[in-house]
Structures are given as structure tokens and as C-alpha cells.
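> Listed here are the chains, written in short residue letters.
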Amino acid sequence: MTDEKTLLYSGYQVIPSNFSLEAYKYVFKNPTTIIDAYKVTFAFSVIGTALSVLLMAMLAYPLTKKELKGRNFVSFLLFFTMLFSGGLVPSYILITRYLHLGDTIWVYILPSMISVWYTFMMRTFFNDLPKEIFESALVDGAGEFRIFFRMVIPLSKPVIAAVALFIFLGKWNDWFTSLLYINDPKLVSLQYLLQKIMNDIKLLSENSGNMSIQKDTSSIPTESVRMAMAIVVAGPALLVFPFFQKYFVKGLTIGSVKG
Amino acid sequence: MKEVIKQRKVSTKSKGTLGNRKWQLYGMMAIPLLFVIVFSYIPMFGIIIGFKDYKYSRGILGSEWVGLKNFEFMVKSNDFWNITRNTILLNLLFIVVGVISAVVVALIFYELKSRIATKVYQTIFITPHFLSWVVVAYMVYALLSPEYGTINKILGAFGISQINWYSEPKWWPLILTITNTWKIVGMDSVIYYAALMGIDSTLYEAAEVDGAGKLKIVKNIILPCLVPLIAILTILKIGNIFRADFGLFYQVTRDSGALYSVTDVIDTYLYRTLTVTGDMSLSTSVGFLQSIVGMVLVLITNYITRKINPDNALF
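Protein chains in written order, with the numbering used here: chain A, 1 to 259; chain B, 1 to 315.
Keep in mind that a hint or two might mislead.
[Claimed, not checked] Distance ranges between label pairs, derived from CB positions:
1. A/Phe76 / B/Trp171: 42 to 48 Å
2. B/Leu68 / A/Ile133: 53 to 59 Å
3. A/Ile35 / B/Tyr204: 53 to 59 Å
4. B/Thr202 / A/Leu68: 39 to 45 Å
5. B/Ala212 / A/Arg146: 55 to 61 Å
[Stated by the list, open to error] Which stretches of chain B does chain A cover? Using the computed rule of at least three CB atoms under 8 Å from a CB of chain A, they are:
6. 41–47
7. 265–276
Hints were generated in silico from the structure; no laboratory data involved. In this text, all values refer to a predicted model and were calculated from it rather than measured experimentally. C-beta atoms are modelled at their ideal positions from N, C-alpha and C, and glycine is treated no differently.
Could you build all of it, start to finish, from the sequences and the hints given here?
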């Protein structure tokens with residue numbers, strides 16, 4: 001939030017001595033890439049979180065039914081993925097070569113759909129819900145889907161809010177997926193764009209020293225732009241957090257995976 | 001209204017029976033399970049790439065088998081021992097410093113009597129957890145930047161010659177430990193704090209009546225209550241000791257080649273072999289080894305913990 005010359009002179013300070021919005025103006029001067037990245041990031045974060053939470057709940061709920069055959073086998077299948085994985089390269093080959101998800105928005109959503117950790121967290125919570133009301137609903141003739149959507153989900157708001165928060169922030173902060181799978185500049189995530197812009201500015205200011213470019217690059221605020229960008233990118237996620245905090249601390253205490 | 005009642009009666013017959021309910025539950029699990037199988041289990045078969053000389057044009061099945069050649073090459077290279085050493089030592093450092101700081105922070109939260117103060121401090125401590133590594137890397141850069149960084153400015157003010165942080169490996173174990181602890185301590189301390197809240201308060205009261213001091217209470221009552229939780233969280237972390245946090249080592253170090261001797265870890269190496277050299281087979285075999293060793297480590301630590309005290313084991 002400091003203007004560039006002051007910054008050069010006195011370095012970063014906790015309290016800006018020379019308040020200036022110049023850097024923010026620069027960041028928003030060429031807004032299409034940032035707005036694109038915002039749109040993409042917002043879209044895959046919201047859609048991804050919604051789908052992910054729904055599907056994980058649908059996986060967790062049947063696992064609480066003691067009479068269901070194969071329940072332990074499925075639990076083991078899930079648990080095993082926490083111990084062992086094929087690694088980066090086989091997933092990379094599967095996703096790009098066989099599923100052709102590279103350079104699509106789906107690569108942000110589909111591969112990370114189910115998190116076993118959060119599924120178990122939900123299962124633990126569902127387990128503690130009073131069984132009697134479900135049984136009375138069954139006697140009344142409700143099917144399992146009806147019970148799930150009408151009773152289990154509304155009763156599980158705390159765990160769902162906590163899991164949704166974790167997943168949303170995880171997706172909002174995602175830069176690795178873009179780094180690996182996205183070439184199309186229109187589809188990169190916000191965090192990746194932040195990283196890229198910084199590297200570009202660095203290159204630009206380094207090159208201008210060597211080459212005799214007449215353009216006055218010293219007027220491009222580099223150091224302060226970095227920080228302005230960081231605020232623009234980190235801001236929204238930090239704003240969401242306080243609203244969810246009560247769910248979040250609860251969610252953590254629910255999250256005993258053992259059992 | 002009558003219609004509705006009729007329908008409900010019909011549905012009692014069809015949906016309420018046990019067999020039907022079973023299939024509804026299976027149906028519910030089907031789609032999520034499909035995702036687990038496609039994105040977690042199918043890549044496991046991709047491990048065979050590590051035993052082949054993978055050529056893009058020939059595909060996985062068409063590529064030639066080379067047995068353990070990739071593993072041989074890996075073990076013989078200098079990089080391998082360097083990245084393994086860095087990964088393990090740095091992770092050990094992170095675990096020890098991380099656990100101690102999280103427990104201390106949780107104890108401080110616990111001693112705070114004001115609920116509002118606890119809330120405020122918790123929020124401040126947890127916030128770094130929700131910043132991406134990209135943003136954290138810029139905050140670290142603001143401190144360490146050779147020309148404008150705060151730390152070099154302070155050093156300059158004291159007449160100490162400035163340090164070019166991004167090309168001097170010797171400082172990085174310290175920098176990485178501080179950064180990592182700063183990011184995770186709030187989160188872990190909340191878990192310990194929740195456990196502290198669960199301790200039966202009559203225990204302290206009894207101890208206080210008996211004249212025990214603060215330190216004695218911490219040592220004899222609070223720490224023993226935390227041991228199971230510390231054990232579980234540490235088992236999880238030891239199991240992941242072969243996995244480095246890619247963001248920390250890639251973003252915070254700005255992928256500076258001058259620092260590789262200290263900061264290059266298995267995950268950054270994997271990423272480089274995949275994107276720079278494009279050696280899929282070598283990369284797969286490194287990943288395979290990482291996964292296998294990780295799994296064995298979890299099983300061993302869990303086994304040992306269960307021998308000592310079954311309640312503390314994870315499974």
C-alpha cells in the first residue's frame with residue numbers, strides 16, 4: 001500500500017508512511033486477465049465445493065448403516081487410499097492422456113472430488129445422530145434418499161459447513177492444478193496468476209536493464225504491485241473465514257477419525 | 001390430499017422393505033465410489049510405468065519392460081540421497097518444532113481466562129492456514145528480498161552486511177521451519193485446545209487443593225491427557241515424512257536453484273523430472289518408493305504405539 005519510491009527508499013514497513021493506491025490502480029488497469037481468473041476460480045470453487053460435499057455425504061451416510069453388507073470393505077477401500085497412492089505421474093497421465101481433462105475447468109473439480117479424510121469426518125458425525133428418528137421415518141415409508149436429503153443433511157449443518165469451508169478454501173488457494181494441467185491463460189486460477197504475474201514483472205524489470213528498451217519501466221510499480229496483488233488474491237478467502245469460524249472450530253472437534 | 005396419502009401407502013410397501021433400502025444405499029454410494037476408483041485406484045496400476053521405459057508414442061502397455069533399471073538409476077544418482085536426506089531431516093525438524101509450539105500455544109490459549117481474547121488470538125493464529133503458499137511466499141519475499149527486504153534493512157541499520165537470502169542455503173532450514181510452523185501452529189493448537197477443554201476440571205481442583213503448582217499441574221495432569229492426541233497426530237505426520245509440502249519448498253524458496261542442496265525435496269524433484277526432463281518412468285519409480293516407504297512407516301509406528309498403549313494407536 002506504499003508508493004514505489006518510498007518503498008525503494010525505506011523498504012517494507014508495517015505502517016505505510018506514504019499511503020498510495022497507485023499499485024492497486026496498476027493491478028486493475030489491465031483487468032481482463034484478473035477478472036477471468038476470478039471468474040474461473042469462483043466458478044470451480046463454488047461448483048466443486050457443492051458437488052464434493054454432496055457426494056462425500058452420500059458416501060458417508062450408507063457407511064453408518066451397520067446392517068449394510070460390504071460396509072467394512074468400502075471403508076477399507078477408502079482408508080487404503082490414505083496409506084498408498086499411485087503418485088503424481090500415473091495420475092497425470094490418466095488425467096491428461098486418457099480422460100482429456102487437461103485445459104478444462106473440470107480438472108479443478110473432478111480429480112479432487114472425494115476426500116477420504118472429510119468423508120470419515122462426516123461418517124463420525126452421522127453416526128452420532130439419533131437413530132430413532134430415522135427409524136420412525138422408515139416406518140412412515142420414507143426411502144433412504146428422502147431420509148438423507150430431508151433429515152440427515154439438515155441435521156448435519158455443523159459438519160457440512162466445516163467441511164465446505166475447508167474444501168472451498170483449498171480450492172480458492174489452488175495453484176498446483178493450474179501449474180500442472182492448464183496451458184490456456186483464460187483458465188488459470190487466481191493464485192497461479194498471482195505467481196505468474198510476479199515472475200513476469202521480475203523478468204520485465206530484469207530485461208529492461210539489459211536491453212535498451214526506451215520504455216520507462218521504472219514507472220511500473222513492481223514491489224508494491226506484488227503486495228497489492230497478494231491482498232487482492234488473499235482478501236476474499238480471509239473475509240469468508242470469520243463467518244464460518246464457529247462451525248470450523250466445532251468441525252475440528254468432531255473430526256475424530258478413529259473408529 | 002387423499003392422493004398424497006395413497007402414494008405414501010404405496011411407497012411404504014416398495015421403499016420400506018429391507019432389500020430395497022439396501023439397494024438405495026448402494027445406489028447412493030455408487031457415484032462417489034466411482035470417483036475414488038477412477039482417481040485413486042486406477043493410478044495405482046500406473047505404477048508399472050516405473051518398471052518400464054515409458055514412451056509417449058507407445059503408450060503404457062506398449063512400452064518396454066526394463067525391470068528395476070529405473071530404481072537402480074535412481075539409487076545411484078547423487079540427487080536421490082540429497083533429496084531423501086533433505087526431506088526426512090526437514091520434516092523431522094518440522095514435526096518436533098511443530099508439536100512443541102502447538103502444545104505451548106494451546107496451553108497459553110487455555111490459560112487465557114477471557115473468552116473474547118481466546119477467540120481473537122485463535123483467529124489470528126489460524127489465519128495463516130488459509131493463505132495459499134503463493135501469498136505466503138510473497139510475505140516471506142517482503143522480509144527477505146535482497147534489495148528491499150525488511151530484514152536486510154534492519155541488518156543494514158545495525159551496520160551488518162546484507163545477506164543475499166535466496167542464494168545462501170545455510171539459512172534455509174531455519175527459514176523453512178519458521179515459515180512452516182507459522183502456518184500450521186494455529187490449526188494444530190486448536191485441536192490440542194479442544195482436547196484440553198475436555199479434561200475433567202475436578203482433576204485440577206483436587207490438585208490445587210493438594211497444593212500443586214502450575215508447572216506440576218501441567219506436567220502431571222495436562223500433558224498425560226494430551227499424550228494420546230499427540231501420539232495420533234505424530235503417527236500421521238511420521239507416515240508422511242517422505243512427503244514434503246510442495247508449496248513450501250517450491251513457492252517459498254522461489255524455486256531458486258542455488259538453494260537446491262538444502263531445499264530440494266522428493267516432491268520438488270518429482271515435479272522437475274516430470275516437467276523439465278519429462279522422464280515419466282524415473283518420476284513414477286521415485287513416487288512409488290515414496291508411497292511404499294510412507295505406508296510401511298505408518299504401519300510400523302502404529303504397530304509400536306499399539307504395543308505400548310493400544311488406546312493411542314490410530315487403527
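> For each hint, tell me whether it holds in the structure or not.
We went through each hint and held it up to the structure:
1. A/Phe76 / B/Trp171: 42 to 48 Å: About 45 Å separates the Cβ atoms of A/Phe76 and B/Trp171, which means 42 to 48 Å holds.
2. B/Leu68 / A/Ile133: 53 to 59 Å: For A/Ile133 against B/Leu68, whose Cβ atoms are near 58 Å apart, the range 53 to 59 Å holds.
3. A/Ile35 / B/Tyr204: 53 to 59 Å: holds (56 Å)
4. B/Thr202 / A/Leu68: 39 to 45 Å: Once the Cβ atoms are compared, 41 Å apart, the range 39 to 45 Å for A/Leu68 and B/Thr202 holds.
5. B/Ala212 / A/Arg146: 55 to 61 Å: With Cβ atoms ~56 Å apart, the hint holds.
6. 41–47: holds (count 7)
7. 265–276: Result for this restraint: holds, n = 4.
Hint check: no violations occur; every hint is consistent with the structure.
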